[in-house]
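Chemist: As a plain string of letters, each chain reads:
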Amino acid sequence: MSKQKAHYFHAIQILGDNCTGCTSCVRVCPTEAIRVRNRKAIIDPTRCIDCGNCVTVCHFHAIIPRSDSMKILEDYKYKVAILPAAYFGQFTEDVSYEVAKAAVLKIGFDEVAEEAVITEFMVKVIRQYIRNNRDKRPILSSNCPAVVRLIQVKYPSLLPSVFHQEAPMSILTRYLREIIEEEKGIKDEDLGIFLIAPCVAHVTAVHQPEGAHTHLQDGAFSVSMIYGKAREHIKELQNNPPKIDTYPKGLTWALSGVQAELVDCEDIRTLSVNGIENVMEILSRVEDHYLDQYDYIVLRSCTNGCVGGCLNVENPFVAMSRLKKMIKEGKPNEINLEGIDKLYNSGEFDVVPLAPRPIMELDKDIKSAIKKMKRINEFLTMLPGLNCGACGSPSCYALAEDIVQDRASLDDCVVLLKRHSKEEEDNY
Amino acid sequence: MGEYWNIKPELEDSVKQHFSAPPEAEVELEFEVPEKDFNTAGRGSSEVKDLLKRLGVDSETLRRIAVASYEAEINLAAHSKGGVMSCMIYDDLIHLRFLDKGPGIEDITQAMIPGYSTADELVREFGFGAGLGLPNIQKNSDALHIQSAKGSSTLLELLIFFSAP
Ligand SMILES: Nc1ncnc2c1ncn2[C@@H]1O[C@H](COP(=O)(O)OP(=O)(O)OP(=O)(O)O)[C@@H](O)[C@H]1O
Ligand SMILES: [Mg+2]
Numbered sequence: 001m002s003k004q005k006a007h008y009f010h011a012i013q014i015l016g017d018n019c020t021g022c023t024s025c026v027r028v029c030p031t032e033a034i035r036v037r038n039r040k041a042i043i044d045p046t047r048c049i050d051c052g053n054c055v056t057v058c059h060f061h062a063i064i065p066r067s068d069s070m071k072i073l074e075d076y077k078y079k080v081a082i083l084p085a086a087y088f089g090q091f092t093e094d095v096s097y098e099v100a101k102a103a104v105l106k107i108g109f110d111e112v113a114e115e116a117v118i119t120e121f122m123v124k125v126i127r128q129y130i131r132n133n134r135d136k137r138p139i140l141s142s143n144c145p146a147v148v149r150l151i152q153v154k155y156p157s158l159l160p161s162v163f164h165q166e167a168p169m170s171i172l173t174r175y176l177r178e179i180i181e182e183e184k185g186i187k188d189e190d191l192g193i194f195l196i197a198p199c200v201a202h203v204t205a206v207h208q209p210e211g212a213h214t215h216l217q218d219g220a221f222s223v224s225m226i227y228g229k230a231r232e233h234i235k236e237l238q239n240n241p242p243k244i245d246t247y248p249k250g251l252t253w254a255l256s257g258v259q260a261e262l263v264d265c266e267d268i269r270t271l272s273v274n275g276i277e278n279v280m281e282i283l284s285r286v287e288d289h290y291l292d293q294y295d296y297i298v299l300r301s302c303t304n305g306c307v308g309g310c311l312n313v314e315n316p317f318v319a320m321s322r323l324k325k326m327i328k329e330g331k332p333n334e335i336n337l338e339g340i341d342k343l344y345n346s347g348e349f350d351v352v353p354l355a356p357r358p359i360m361e362l363d364k365d366i367k368s369a370i371k372k373m374k375r376i377n378e379f380l381t382m383l384p385g386l387n388c389g390a391c392g393s394p395s396c397y398a399l400a401e402d403i404v405q406d407r408a409s410l411d412d413c414v415v416l417l418k419r420h421s422k423e424e425e426d427n428y
Numbered sequence: 001m002g003e004y005w006n007i008k009p010e011l012e013d014s015v016k017q018h019f020s021a022p023p024e025a026e027v028e029l030e031f032e033v034p035e036k037d038f039n040t041a042g043r044g045s046s047e048v049k050d051l052l053k054r055l056g057v058d059s060e061t062l063r064r065i066a067v068a069s070y071e072a073e074i075n076l077a078a079h080s081k082g083g084v085m086s087c088m089i090y091d092d093l094i095h096l097r098f099l100d101k102g103p104g105i106e107d108i109t110q111a112m113i114p115g116y117s118t119a120d121e122l123v124r125e126f127g128f129g130a131g132l133g134l135p136n137i138q139k140n141s142d143a144l145h146i147q148s149a150k151g152s153s154t155l156l157e158l159l160i161f162f163s164a165p
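Sequence lines, in order, name chains D and V. Oh and the first sequence: position 420 is 420 in the numbering used here, straight run, nothing missing. Oh and the second sequence: position 150 is 150 in the numbering used here, straight run, nothing missing.
Note that these hints are calculated values from the structure, not bench results. Predicted model, so just to flag it, every value in this text is computed and none were measured. Where hints are given, some of them may not hold.
Said to hold, decoys possible - Think about it this way: if two alpha-carbon atoms lie no more than 30 Å apart in a straight line, the pair counts; the simulated DSS-like pairs of lysine-lysine are: (1) V/K8 <-> D/K371; (2) D/K136 <-> V/K49; (3) D/K371 <-> V/K36; (4) D/K342 <-> D/K331.
Claimed, not checked - Just a sample of chain D residues kept apart from chain V, beta carbon distances all over 12 Å, derived: (5) G16; (6) V112; (7) P156; (8) E182; (9) D264; (10) Y344; (11) V351; (12) K367; (13) A369; (14) M373; (15) K422.
The beta carbon of each residue, even a glycine, is placed where N, CA and C say it ideally should be.
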């Protein structure tokens, strides 16, 4: 496992040649991680949470998701794909769940596993965790890696409330490693487990898992790429319907609202939130203890949950509707996860406490921070207050802060520049 | 004219000193709080919270400030004809002032009782009106001062120290 050497922190890449410096990305970044300088966008890696907003908004193909090349499959003898529930929402309704799943076996994988298979197990574990940690309520869901990073950078005081167990994908990976080695006699180094990712945050999480003890997956491919390849085999499979297990009741995982409903029960009240702006508003209210009446809050950075990830092909609402249909029409299937409880009880799914990565503070020392804040306010009074973003910072405030932190100068303000040149003209 | 004071005993000296000779604030912010506009109300508190995060104020103090300022801001929107929220930041404390355009509070002591509320239908529809705002402000502040009378404007101001003892 983990032959992957390439080390990158973010699954987002800027192609400088394509970037026009239009500043669209600057404006949609929830953590203000992007600046345009010298007419090119740059991302501050300490602030980026891999939400994918910039990828979605860039029309110039200048900010692109990074995922692995299928070539890396060659390094392994036995290759397993883990499919997220969102994958099944990508196909048109004439393509059955079975066909969509079996198609993945035709494109280079020896086995295909589904996130959906452990939904029930996850619900059990989450409920248990909530009951054991009543003092930290509301517990915040941790399966969206962008949300976890958001909490680390902007709401570090909430870290103790984050559900501290491996993400479902990783639990499944850990389990598969154990089972496949045992049942099929495949050595660990020959076994490659790959995540099919609906969003860039999941790709990043594969390469740089937060809180995990070990690297679990060997790579990540985008849903759109796998979908593209799988589609070529749909016709042939439809003519020869495959026999393959499915877990319709578990597909709920891709839908933020439905996931919350599953955990909700007599003694556990849940709330479900999706879309990064909503998530930030809710986290801010959790910080002030305004949402203490909830025991569990499901937070997803993308619209409607993972179906809204930027590596999918289908619209999140259409994909959600399809999944709901599959869930409703599907017959429950016997799920046998023998041994998973043993792994769980022996602490195999524990994670190390998440570390804060605060980005907000101007200075370590409050007095110096206040001095900087004063200077920021001074600059702010000089700036036009239009928040046009033409300078390459997301707002006048952000430019003022950039100036004080020596990352920009007043000359970057286009509006001021124009005013000054006009004054000069008038003086002649 | 009714007047109400509540000061944490151990901080009495510093509080009195602050009010008797208010020093010039390091950073000042002001927000309009319009009447019955529950979308805008709350904006001031959330901006203040963002600013304090930038200053590195610890999370527990931050929470106390956020709660007190949010409740006071909502009260302006819910019970008054609107007003102004001002925020003055010093090295060691924050001073928040809420001044509205009336109609004033007739009996402040009564208004401080948990559960006492005159919130109208509209305000309740927005989920406010439990009568817990003022008691909550008091619980989270190091010093609270309210000045009001029937038919006049209400002034509510509070101090919260950054490194609370
Ligand atoms: N700025 C104000 N102007 C006039 N009356 C006020 C003002 N602030 C508070 N009051 C009066 O004091 C009462 C109690 O206020 P408090 O904030 O404790 O409760 P509430 O606002 O009614 O409900 P809650 O804060 O729980 O949503 C209010 O119902 C109102 O009658
Ligand atoms: Mg109130």
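Chemist: Look at each hint and say if it fits the structure.
Modeler: Taking the hints in turn, this is what the structure says about them:
1. About 29 Å separates the Cα atoms of V/K8 and D/K371, which keeps this hinted pair within 30 Å; it holds.
2. Straight-line distance between C-alpha atoms of D/K136 and V/K49 comes to about 22 Å, which keeps the hinted pair within the 30 Å bound.
3. Taken as a hint, the D/K371 and V/K36 pair is broken in the structure, with Cα atoms around 36 Å apart against an allowance of 30 Å.
4. Proximity of D/K342 to D/K331 is assessed by CA-CA distance (about 28 Å); at most 30 Å being required, the pair is judged to hold.
5. For D/G16, the requirement that its beta carbon stay farther than 12 Å from each beta carbon of chain V is met, with the minimum near 31 Å.
6. With a least CB separation of 44 Å from chain V, D/V112 remains clear of the 12 Å interface cut-off, as annotated.
7. Chain V draws D/P156 into its interface by the beta-carbon criterion, the shortest separation being 8 Å against a cut-off of 12 Å.
8. For D/E182, the non-interface assignment is confirmed: its Cβ lies about 46 Å from the closest Cβ of chain V, beyond the 12 Å cut-off.
9. Even its closest Cβ contact with chain V, about 21 Å, leaves D/D264 beyond 12 Å, as expected for a residue assigned away from the interface.
10. With a cut of 12 Å on Cβ distances, D/Y344 stays outside the contact zone with chain V, its closest approach being about 32 Å.
11. With a least CB separation of 22 Å from chain V, D/V351 remains clear of the 12 Å interface cut-off, as annotated.
12. Its closest Cβ contact with chain V, about 6 Å, brings D/K367 to no more than 12 Å, contrary to its assignment away from the interface.
13. With a closest Cβ-Cβ approach of about 4 Å to chain V, D/A369 is found to fall inside the 12 Å limit, against its non-interface label.
14. Non-interface status of D/M373 relative to chain V is broken: a Cβ of that chain comes within 12 Å, the nearest being about 5 Å off.
15. Every Cβ of chain V is farther than 12 Å from the Cβ of D/K422; the closest lies at roughly 31 Å, confirming the non-interface assignment.
When each numbered hint is compared with the structure, violations occur for hints 3, 7, 12, 13, 14.
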